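J.: For reference, the chains in residue letters:
Number of protein chains: 2
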Amino acid sequence: MTSEKKPYVIGLDLGGTNSVFGIVDANGYVVEQVSVKTAGHGPEPQHYVSDCVEALMPAIEKVGGLGNIQGMGIGAPNANYYTGCIEFAPNLPWSGTNIPLADLFSKALGGLRVTITNDANAAAQGEMMYGLAKDMKNFIMITLGTGVGSGIVCDGKLVYGSDGLAGELGHVVVEPNGRQCGCGRKGCLETYCSATGVARTARQILTETDEPSLLRNIPLTELESKDVSIAANQGDKVAKEIMDFTGHMLGIACSNFACFNSPEAFIFFGGLTKAGDLLMKPIKEAYDENVLKCYAGKARFYVSELDDAKAAILGASSLGW
Amino acid sequence: MTSEKKPYVIGLDLGGTNSVFGIVDANGYVVEQVSVKTAGHGPEPQHYVSDCVEALMPAIEKVGGLGNIQGMGIGAPNANYYTGCIEFAPNLPWSGTNIPLADLFSKALGGLRVTITNDANAAAQGEMMYGLAKDMKNFIMITLGTGVGSGIVCDGKLVYGSDGLAGELGHVVVEPNGRQCGCGRKGCLETYCSATGVARTARQILTETDEPSLLRNIPLTELESKDVSIAANQGDKVAKEIMDFTGHMLGIACSNFACFNSPEAFIFFGGLTKAGDLLMKPIKEAYDENVLKCYAGKARFYVSELDDAKAAILGASSLGW
Numbered sequence: 001m002t003s004e005k006k007p008y009v010i011g012l013d014l015g016g017t018n019s020v021f022g023i024v025d026a027n028g029y030v031v032e033q034v035s036v037k038t039a040g041h042g043p044e045p046q047h048y049v050s051d052c053v054e055a056l057m058p059a060i061e062k063v064g065g066l067g068n069i070q071g072m073g074i075g076a077p078n079a080n081y082y083t084g085c086i087e088f089a090p091n092l093p094w095s096g097t098n099i100p101l102a103d104l105f106s107k108a109l110g111g112l113r114v115t116i117t118n119d120a121n122a123a124a125q126g127e128m129m130y131g132l133a134k135d136m137k138n139f140i141m142i143t144l145g146t147g148v149g150s151g152i153v154c155d156g157k158l159v160y161g162s163d164g165l166a167g168e169l170g171h172v173v174v175e176p177n178g179r180q181c182g183c184g185r186k187g188c189l190e191t192y193c194s195a196t197g198v199a200r201t202a203r204q205i206l207t208e209t210d211e212p213s214l215l216r217n218i219p220l221t222e223l224e225s226k227d228v229s230i231a232a233n234q235g236d237k238v239a240k241e242i243m244d245f246t247g248h249m250l251g252i253a254c255s256n257f258a259c260f261n262s263p264e265a266f267i268f269f270g271g272l273t274k275a276g277d278l279l280m281k282p283i284k285e286a287y288d289e290n291v292l293k294c295y296a297g298k299a300r301f302y303v304s305e306l307d308d309a310k311a312a313i314l315g316a317s318s319l320g321w
Numbered sequence: 001m002t003s004e005k006k007p008y009v010i011g012l013d014l015g016g017t018n019s020v021f022g023i024v025d026a027n028g029y030v031v032e033q034v035s036v037k038t039a040g041h042g043p044e045p046q047h048y049v050s051d052c053v054e055a056l057m058p059a060i061e062k063v064g065g066l067g068n069i070q071g072m073g074i075g076a077p078n079a080n081y082y083t084g085c086i087e088f089a090p091n092l093p094w095s096g097t098n099i100p101l102a103d104l105f106s107k108a109l110g111g112l113r114v115t116i117t118n119d120a121n122a123a124a125q126g127e128m129m130y131g132l133a134k135d136m137k138n139f140i141m142i143t144l145g146t147g148v149g150s151g152i153v154c155d156g157k158l159v160y161g162s163d164g165l166a167g168e169l170g171h172v173v174v175e176p177n178g179r180q181c182g183c184g185r186k187g188c189l190e191t192y193c194s195a196t197g198v199a200r201t202a203r204q205i206l207t208e209t210d211e212p213s214l215l216r217n218i219p220l221t222e223l224e225s226k227d228v229s230i231a232a233n234q235g236d237k238v239a240k241e242i243m244d245f246t247g248h249m250l251g252i253a254c255s256n257f258a259c260f261n262s263p264e265a266f267i268f269f270g271g272l273t274k275a276g277d278l279l280m281k282p283i284k285e286a287y288d289e290n291v292l293k294c295y296a297g298k299a300r301f302y303v304s305e306l307d308d309a310k311a312a313i314l315g316a317s318s319l320g321w
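The listed protein sequences correspond, in order, to chains A and B.
Residue numbering for the first sequence follows our numbering, beginning at 1 and increasing consecutively.
Residue numbering for the second sequence follows our numbering, beginning at 1 and increasing consecutively.
Here chain A stands alone, though its shape is the one from the complex (with noise of 0.2 Å):
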């Protein structure tokens, strides 16, 4: 092969269930796609990598060989760009801390050069290249999942910080003494925005008062972000209410990062974007009550319009490059 940029990557969504592999080529088309289970290959990492490499091979023959591969991307919890390594995962099945995945990777796959980023900072990447950010150099991507992530894209370059773990604006404390939340702190974002935090938020509501609501036939402990959304959707007051506090938060915690990087853009992904305007409106509008007056009304607000099942992928895969 020459130096001249080859026709594809590999990218890997690594979740705690499942590791989802896919084939891209430039003009971000998955061609082909390959699911393992994460667990279950052997308490060591290197018996999960080789039974990914293994069951990934006839996918690379499909589309040449390794030699048509440029790199591989993976999007994983708690990795760390700079050193390669997943630094800890509680919800993965590997014990200890500092996993060298990227490293793993690379020599199961002939020596291909992997990076590894965490799903966030994937996702951020992953629109500058296929997505909304194409043409944006200061953007915050958020992604509202069980947790809240971002990637924060400061003139053009994702920002890794001095550890390759910078752009954790879930944990940014929005309510001093608030919500208790899964790192030890409270008031994190996280805490009110995230699937999780949504489900707690409508909890505490319906706990608090007796509003008739159709989230009222779910049993409080099964009710899920979902359900909130769904019923926002069919016009149910509790629920529109509890989307309204969720937009709300996210709204005033995206006019304090503003002061940040001042961008031209927050690009949000996920599950609780599928509510659309039901918390893009609240977002909005905190944000434009409480932004600093210099940076009023320049930043746009947008839904990620990646294919949900297949952004994850695409995001690991544009670091393949």
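Check before you lean on any hint, since a few could be wrong.
[Unchecked claim] When the alpha-carbon atoms are kept at most 30 Å apart in a straight line, the in silico DSS-like pairs for lysine-lysine are as follows:
hint: 1; chain 1: A; residue 1: 157; chain 2: B; residue 2: 134
hint: 2; chain 1: A; residue 1: 157; chain 2: A; residue 2: 293
hint: 3; chain 1: A; residue 1: 157; chain 2: B; residue 2: 5
hint: 4; chain 1: B; residue 1: 186; chain 2: A; residue 2: 240
hint: 5; chain 1: B; residue 1: 293; chain 2: A; residue 2: 293
hint: 6; chain 1: A; residue 1: 157; chain 2: B; residue 2: 298
hint: 7; chain 1: A; residue 1: 186; chain 2: B; residue 2: 281
hint: 8; chain 1: A; residue 1: 240; chain 2: A; residue 2: 274
hint: 9; chain 1: B; residue 1: 134; chain 2: B; residue 2: 293
[What the hints assert, rightly or not] Every beta carbon over 12 Å from chain A, so not counted as near; a handful from chain B, in silico:
hint: 10; residue: 6
hint: 11; residue: 26
hint: 12; residue: 28
hint: 13; residue: 34
hint: 14; residue: 91
hint: 15; residue: 100
hint: 16; residue: 172
hint: 17; residue: 176
hint: 18; residue: 184
hint: 19; residue: 227
hint: 20; residue: 263
hint: 21; residue: 285
hint: 22; residue: 298
hint: 23; residue: 302
hint: 24; residue: 321
[Unchecked claim] Simulated coverage check for chain B against chain A, where a stretch passes if three residues somewhere in it have a Cβ under 8 Å from a Cβ of chain A:
hint: 25; segment: 150 to 160
hint: 26; segment: 252 to 261
hint: 27; segment: 286 to 295
In case anyone wonders, no lab produced these hints; they're calculated from the structure.
Given the structure is predicted, the values throughout are model-derived calculations rather than measurements.
Where a beta carbon is used, it is the ideal one built from N, C-alpha and C, also for glycine.
Let chain A serve as the given structure and place chain B on it in line with the hints.
T.: Using the frame of chain A, we list chain B on its own:
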């Protein structure tokens, strides 16, 4: 002249009262210094600029003329790096917005390359060029003056954002519905940790308690942060409590800022830092208590070592290279 670097740059520290010009060599030595009153040159900024250049020319001639000057940097309130303008300047003598100061100086100095930025960004740039941040790639500069300013450096570059106005960490809301800020919002960091914020805390504590204090010898309305600092150094309990509170608020704020760019250091500059450990100790303690676990123990906390009188000129001049 060849295209080689010329031996000097001009730095201008533009304040509401004085405009201080320095001609600076590559080692950060201020070889010539010229001071001009900022007001009183006529209604148009052109008048100010031509008076300044007239006052500056003898100093320029002393270093061999404009041919020996590489460029000029200006540090000024509300200056926009991208546009070269002062966007709005309530404390400067010119009416109107978007005063094209970089352009005006460039024309008056024979087409010299002139760059402008706000004071805190200039300070950060100065630290990178001549100060503690010489070998740093990711740090946050916090200036504690009448207001609280900041310069954020990611991957070796000042963060200017989409509009040139990024890095206003003094206006991150640290206390929802907290103290009224001059910006029209409530609870900004600046309302607690600027010189005026400290005086405010002092008045509040002195009014709400009857604890004896050296500060009671000063009329409440005349109380300044400097008095608090002096009294704290003399062991005054109330004054120490005020410094503790100020440091505590700053430390918590920094623990949230870490979520953005995971800086290797926070560097503080400005009058308040004269309090030394009386301020720095509570900052570090609150930071350690509140920072997200993955960042714990990573950032260092420094007071700028640049000579107070020269630092602003040095910072501005560093843009001239």
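J.: Each of the hints needs a verdict: does it hold here or not?
T.: Going through the hints against the structure:
Annotation: proposed proximity of residue 157 of chain A to residue 134 of chain B holds, straight-line Cα distance about 22 Å (limit 30 Å). The straight-line distance between the Cα atoms of residue 157 of chain A and residue 293 of chain A is roughly 26 Å, inside the 30 Å bound, and the hint therefore holds. Between the alpha carbons of residue 157 of chain A and residue 5 of chain B the distance comes to roughly 29 Å, so the proposed pair stays at or under 30 Å and holds. Straight-line distance between C-alpha atoms of residue 186 of chain B and residue 240 of chain A comes to about 27 Å, which keeps the hinted pair within the 30 Å bound.
Restraint check for residue 293 of chain B and residue 293 of chain A: the C-alpha separation of about 33 Å exceeds 30 Å, so the hint is violated. The suggested pairing of residue 157 of chain A with residue 298 of chain B holds, with an alpha-carbon distance near 22 Å, which does not exceed 30 Å. Proximity of residue 186 of chain A to residue 281 of chain B is assessed by CA-CA distance (about 23 Å); at most 30 Å being required, the pair is judged to hold. Our distance criterion of 30 Å between C-alpha atoms is met by residue 240 of chain A and residue 274 of chain A, whose separation comes to about 14 Å.
A threshold of 30 Å between alpha carbons decides the hint, and for residue 134 of chain B with residue 293 of chain B the separation of about 27 Å falls inside it, so the pair holds. Its beta-carbon lying about 27 Å from the closest one in chain A, residue 6 of chain B satisfies the requirement of being farther than 12 Å from that chain. No beta-carbon of chain A is positioned within 12 Å of the beta-carbon of residue 26 of chain B; the least distance is around 26 Å. Residue 28 of chain B, annotated as away from the interface, keeps every beta carbon of chain A farther than 12 Å; the closest lies near 25 Å.
In this structure residue 34 of chain B is separated from chain A by more than 12 Å, as the shortest Cβ-Cβ distance comes to about 31 Å. The beta carbon of residue 91 of chain B is kept farther than 12 Å from every beta carbon of chain A, the shortest such distance being approximately 15 Å. Listed as outside the interface, residue 100 of chain B is consistent with that label: its C-beta sits roughly 18 Å from the nearest C-beta of chain A, beyond the 12 Å cut-off. Some Cβ of chain A comes within 12 Å of the Cβ of residue 172 of chain B; the nearest lies about 5 Å off, and the non-interface call is violated.
Under the 12 Å C-beta cut-off, the non-interface status given to residue 176 of chain B relative to chain A is violated; the minimum distance is some 7 Å. The Cβ of residue 184 of chain B does not lie farther than 12 Å from every Cβ of chain A; its closest approach is about 7 Å, which violates its non-interface assignment. Taking the minimum C-beta to C-beta distance to chain A, about 28 Å, the non-interface status of residue 227 of chain B holds against the 12 Å cut. Its closest Cβ contact with chain A, about 6 Å, brings residue 263 of chain B to no more than 12 Å, contrary to its assignment away from the interface.
Every beta carbon of chain A lies more than 12 Å from that of residue 285 of chain B, the smallest distance being close to 15 Å; the non-interface claim holds. Its beta-carbon lying about 6 Å from the closest one in chain A, residue 298 of chain B breaks the requirement of being farther than 12 Å from that chain. The Cβ of residue 302 of chain B lies farther than 12 Å from every Cβ of chain A, with a closest approach of about 14 Å, so its non-interface assignment holds. The non-interface label for residue 321 of chain B is consistent with chain A: the shortest C-beta to C-beta separation is roughly 19 Å, beyond 12 Å.
Under a criterion of three residues with beta carbons nearer than 8 Å to beta carbons of chain A, the stated coverage of the segment 150 to 160 of chain B is upheld, 6 such residues being counted. Counting residues of the segment 252 to 261 of chain B whose beta carbon lies closer than 8 Å to any beta carbon of chain A gives 7, which meets the minimum of three for the stated coverage. With 5 residues carrying a beta carbon less than 8 Å from a beta carbon of chain A, the segment 286 to 295 of chain B meets the three-residue requirement, and the given coverage holds.
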